[in-house]
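Protein chains in written order, with the working numbering: chain A, 1 to 357; chain B, 1 to 357; chain C, 1 to 357; chain D, 1 to 357.
Think of the hints as simulated: they come from the structure by calculation, not from any bench. Be aware that a few hints might be false.
Unchecked claim - Listed below are the simulated DMTMM-like cross-link pairs for lysine to aspartate or glutamate, each with C-alpha atoms no more than 25 Å apart in a straight line:
1) B:Lys-76 to A:Asp-112
2) C:Lys-172 to B:Glu-346
3) D:Lys-76 to C:Glu-254
4) D:Lys-76 to C:Glu-137
Said to hold, decoys possible - Simulated restraints on C-beta separations:
5) B:Arg-61 to C:Ala-42: 26 to 34 Å
6) D:Val-83 to C:Leu-13: 44 to 52 Å
7) B:Arg-61 to C:Ala-138: 39 to 47 Å
8) C:Ala-42 to B:Arg-87: 53 to 61 Å
Where is the CB? At the ideal position from N, CA and C, for every residue including glycine.
There are 4 protein chains.
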Amino acid sequence: VVEPPRQELLRRLNRAPSGTAALVAMRGDLLGLLKERPHLKAVDADFRHLLYSWFNRGFLRLERIDWRSPAQVLEKLIAYEAVHEIRGWDDLRRRLADDRRCFAFFHPALPDEPLVFVEVALVNGIADRIQPLLDPEAPLGDVDQADTALFYSINNTQHGLRGISFGNFLIKQVVAELSTEFPQLEHFVTLSPMPRFAATVRAAIAGTPGTLDRATLERLLAEDAAVLCERSGMSESPEALLALLEQDHAAHAEVTAAPLQRLALAYLTRFGDRGRAMLDPVATFHLSNGARLERINLQADPSPNGLGQSFGVMVNYLYDPQEVEANHERFIEAGEIATSRALARERKKLAALLPQA
Amino acid sequence: VVEPPRQELLRRLNRAPSGTAALVAMRGDLLGLLKERPHLKAVDADFRHLLYSWFNRGFLRLERIDWRSPAQVLEKLIAYEAVHEIRGWDDLRRRLADDRRCFAFFHPALPDEPLVFVEVALVNGIADRIQPLLDPEAPLGDVDQADTALFYSINNTQHGLRGISFGNFLIKQVVAELSTEFPQLEHFVTLSPMPRFAATVRAAIAGTPGTLDRATLERLLAEDAAVLCERSGMSESPEALLALLEQDHAAHAEVTAAPLQRLALAYLTRFGDRGRAMLDPVATFHLSNGARLERINLQADPSPNGLGQSFGVMVNYLYDPQEVEANHERFIEAGEIATSRALARERKKLAALLPQA
Amino acid sequence: VVEPPRQELLRRLNRAPSGTAALVAMRGDLLGLLKERPHLKAVDADFRHLLYSWFNRGFLRLERIDWRSPAQVLEKLIAYEAVHEIRGWDDLRRRLADDRRCFAFFHPALPDEPLVFVEVALVNGIADRIQPLLDPEAPLGDVDQADTALFYSINNTQHGLRGISFGNFLIKQVVAELSTEFPQLEHFVTLSPMPRFAATVRAAIAGTPGTLDRATLERLLAEDAAVLCERSGMSESPEALLALLEQDHAAHAEVTAAPLQRLALAYLTRFGDRGRAMLDPVATFHLSNGARLERINLQADPSPNGLGQSFGVMVNYLYDPQEVEANHERFIEAGEIATSRALARERKKLAALLPQA
Amino acid sequence: VVEPPRQELLRRLNRAPSGTAALVAMRGDLLGLLKERPHLKAVDADFRHLLYSWFNRGFLRLERIDWRSPAQVLEKLIAYEAVHEIRGWDDLRRRLADDRRCFAFFHPALPDEPLVFVEVALVNGIADRIQPLLDPEAPLGDVDQADTALFYSINNTQHGLRGISFGNFLIKQVVAELSTEFPQLEHFVTLSPMPRFAATVRAAIAGTPGTLDRATLERLLAEDAAVLCERSGMSESPEALLALLEQDHAAHAEVTAAPLQRLALAYLTRFGDRGRAMLDPVATFHLSNGARLERINLQADPSPNGLGQSFGVMVNYLYDPQEVEANHERFIEAGEIATSRALARERKKLAALLPQA
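Pulled out of the complex, with its shape left as it was, chain A reads as follows:
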């Protein structure tokens, strides 16, 4: 077994005070150079090998983050939250209040750096809208009445650890922690974005090769084509839907609901498995972790970002400890996507529209 001398060099650098932090930062820089300087890929392989060993889950510490945490750690949450921006300390305090939980993994060599963190709301019923959870003035919920742990934001924080995944372990351990603290919880479920949904739809309308083809799109909208065209004054259903969604989303909610729901489900289930390329990254993450696709929520995120990314649609992925393992294996081995019964019925109807599914 011949050890690459570069690995030994990295291990020696790691011995210095704050060595690990410096190496993670170096890898971050290195990743930015790879495109232009592909010969550095061998260097990256050595970095990745060591970081992957060093940031083994066995060395990570789960910690709850709350208002008793050091300001030094809390300001990192503000800086790193990329899913639903934290707009200052008052906003942060609400997200750490008694009806919420925030957990993170820490590595002993980076004691003030949450590597990945998840924000959870303890609520009654599976939430279908994100805004009430983000409102800093939201009244405090009654934790004793909560039957659902809603995971509404998960963030990786270290660019230099790209490709070394912690989120899966984090969710599993947080489910275990919350089950112990609140035995009455029945649902562990996310409220998640679909970050590339709108872009995929727009690309399909524009006929960009390599994504969803326009014919599929039209088939999905056929049923509603007349009313969409009439309401929008356009002659083609894809453009008609897009116009209504972009003009005044809420005003046309009734008309766009059915086609948007159909489109979202098709998107999340890969338009009939036509290719991984089209797959939503958040869906991939949760489905490969063993969650099931539970519900698609229209009008769930009316923020400019939410409308821009996904026409306001959000998704609940549900982690059922009983079925997580089986779901995970079926997804990994056969690409099978677990869904709720309601979505399974909708999916059958889709199959009729999309012959190849």
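Once you have looked at the hints, place chains B, C and D on chain A.
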């Protein structure tokens, strides 16, 4: 020895979870009622007796507060800072940066409540202006070059502990801590307000009985009367000085400097010991702790509050570990006020103007 | 309200480093002098007043002590255990193993001093013998099968805090802690000594005035007099019983069982309430805390100390959270002693023998 | 870069609770099998690769161990001390008293396992005998008068981490810690055993091939041959010396001193560099760390173990922060051994006796 049954009641209340916090809050409320219901003074005496025993310095823990402290504690600093307002978390972070120190006393039964805290800047030379210390954008000082620990804000936080003094012990222990951490420090000195200076001067001008008499005031200003009157267009020196100070303080700085300095020194040294009633509370605090009056700084606090309270004048009180004990005793026993040599010379000149001194 | 100046002196001494420890030690010394110098009682009253306020239960911290605790604390257990001696570190380790719990109250000013500690065994069924619990080689019990928390040793450690009682609070909080950690526990019960039982019996036989009178003793033994005298070769039942107990306790167990059981019950229930003077101090402690007299165990402690103090008899006092409050009040107000049903029946029979009961 | 799948398996095992401890134990077992099953060397290489990365010095925490440490950690010292046995808790307490220091490296995944620990005595002057340091009744030294930190025992504890060296880093960091805590310290020096000295001498006498040859031995003893033979009644100097050392070491101390000193120096300096095979492992450790051979102490360890291993001889290796780096490089690159001036003079005389040196 007969124990008042009320004390036993209070001790029993204290056994409950958060009992101590509740009792401190109750005493706070009680203090607010004493004026209207003087018969409650006996109740207050029992409260005071127990709180005074319970919050004995032997039970307090000195803790450094910095950016690693829990947000729960840090937000208390923002709430409690009454000398120089902290305007949010960015402001707070600057005050806890590496060239600053903040220390507080905590009681084990109130773990998140700083009872008293002091803010210190590590600087080179004894600062004579407060604004640079409060600027959130101030560049970070070089701690290795610092020869002075400047105490620029001390706050008691618990209304319910009124009359139970911690500040003295805090300053002494912080001096000891800083001496150990930074052996190169030469000066331990405050930059302090004179909260009743302007009010005392205005009352004297108005001839309000019970304060400084107008004759004394005129004697102090005699030397500068001509130029003050000329510049202000007024015929009497007290009104002339006041007008210049209140019109545009900075513009007339040259003319008002000498009389203002004289007036401030007379005020701080009790206008020749004519009465404790006139005494400045901040001066009393530091002088009775054994500090010496080191320097009077004009134009030291040009904020509206600083101008309103003291025409912008601030004071350095210096704690010299060698002389603190002796100063304290001379002040307590004989009312003697220790001063720097420079101020001692000025004070001699004052004595000539104020025959009774 | 005039404050005794001595209290202020004590408060000032308390401000010094380790002041509280020094004052507790001083009171310990003072207590030793009171008999010879009764005029010091006023000094003790001031000590007691302050220590009673300072060691208020609201300031005490319950802490679990186990093999992860500092050696500095653990060696105190070895030193302070006075009920069932700990014979070194191996013995101690067994008492802190996974099927045991040890809890103590600490005061923040004496961080390494357990003020009072209790040793608990998690067992199945209410234990009636102490030896298996003290055996350092005892096999580890299965905590999941435990239905009983057996409190087998409670020790106050600070002579200087005599008269300031913590044991009651400790037992209540430990019951609460254990209920949370082990919801399956059904019984919270002690296995306690009767430290003055044998001495009381011997004094009665000798006819020492002021204790149990000999006539009562004889009435209690009348039923068994013939067999006792025959077996021992003595002519009087009290001497006969004592001789059998002291010759070879185990050999005569069958013969002595009934009279010993009767005598012990009479002793614990004050021989028909004839006087508090005769009361067992351990019984007083638990009964006034609201426990009930659950069971008397013969042959429970065959150690020389156990035989010498109480002819090997030990007692279970049971803390039933449902009835503790009512028991406590009935005991304090009316001197009523709560017992198990079995002991209530035995007690009725005693009443027939002891007319004054 | 192809990753061996076995490494991935080990990383996955490491994710489980206590996974790291289990893997270290597995490697310990594996090492025991290598001799019989050499084909497992490839498995060991993967273990070693991962453990070497995981136990990088950057992840280790230096911790002081004292009487405040958890019993759970302290009992490990008793178990692991292999140089100078700790005979129970009283012995341990003396070694952790105020005139001693004990430091260890811990890995975050093995929080109760000191990986390597060093015992230090703060003394005045460089100690030349071990017994006073091991005496549990030794009076407490005055730390303020100490000018020397004497490292008298260093132990690696984890068989499964064999070949992954921490001792070097430990000594360097402990020197730094002690310099900060006690600026008055002038010497950082060991009192070390020579574990294979006696065995090497005995093998040479017996003429075992592969060690020191008998001729060299005789040359070293030539000067003293007459007196050794006379005193022992033997005819050959090597046997004579050995007999005197083994009969009654102390009685013949005067006669054996010079030859024993010469022999020890020759041994420590490799008998004139004739081969690494003869090298003392403790000498190799300290010399390669950059220490210098300071002094050879006869009669330093009269315990049976000390006499058996090294005829009671012990060695001081001195770490001078100024020269450690240079010594280390000269030793590694050229095999040069740094010595004190006194030993350098003795060494010159040896060179005359051993022509090949």
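Verification of the hints:
1. B:Lys-76 to A:Asp-112: This hinted pair holds, its Cα atoms lying about 22 Å apart.
2. C:Lys-172 to B:Glu-346: violated (68 Å)
3. D:Lys-76 to C:Glu-254: With a Cα-Cα distance of about 50 Å, the restraint between Lys-76 of chain D and Glu-254 of chain C is violated, given a limit of 25 Å.
4. D:Lys-76 to C:Glu-137: With Cα atoms ~20 Å apart, Lys-76 of chain D and Glu-137 of chain C stay inside 25 Å; holds.
5. B:Arg-61 to C:Ala-42: 26 to 34 Å: Since the Cβ atoms of Arg-61 of chain B and Ala-42 of chain C sit about 33 Å apart, the hinted range of 26 to 34 Å holds.
6. D:Val-83 to C:Leu-13: 44 to 52 Å: With a Cβ separation near 47 Å, Val-83 of chain D and Leu-13 of chain C satisfy 44 to 52 Å, so the hint holds.
7. B:Arg-61 to C:Ala-138: 39 to 47 Å: holds (41 Å)
8. C:Ala-42 to B:Arg-87: 53 to 61 Å: holds (56 Å)
The structure shown violates the earlier hints numbered 2, 3.
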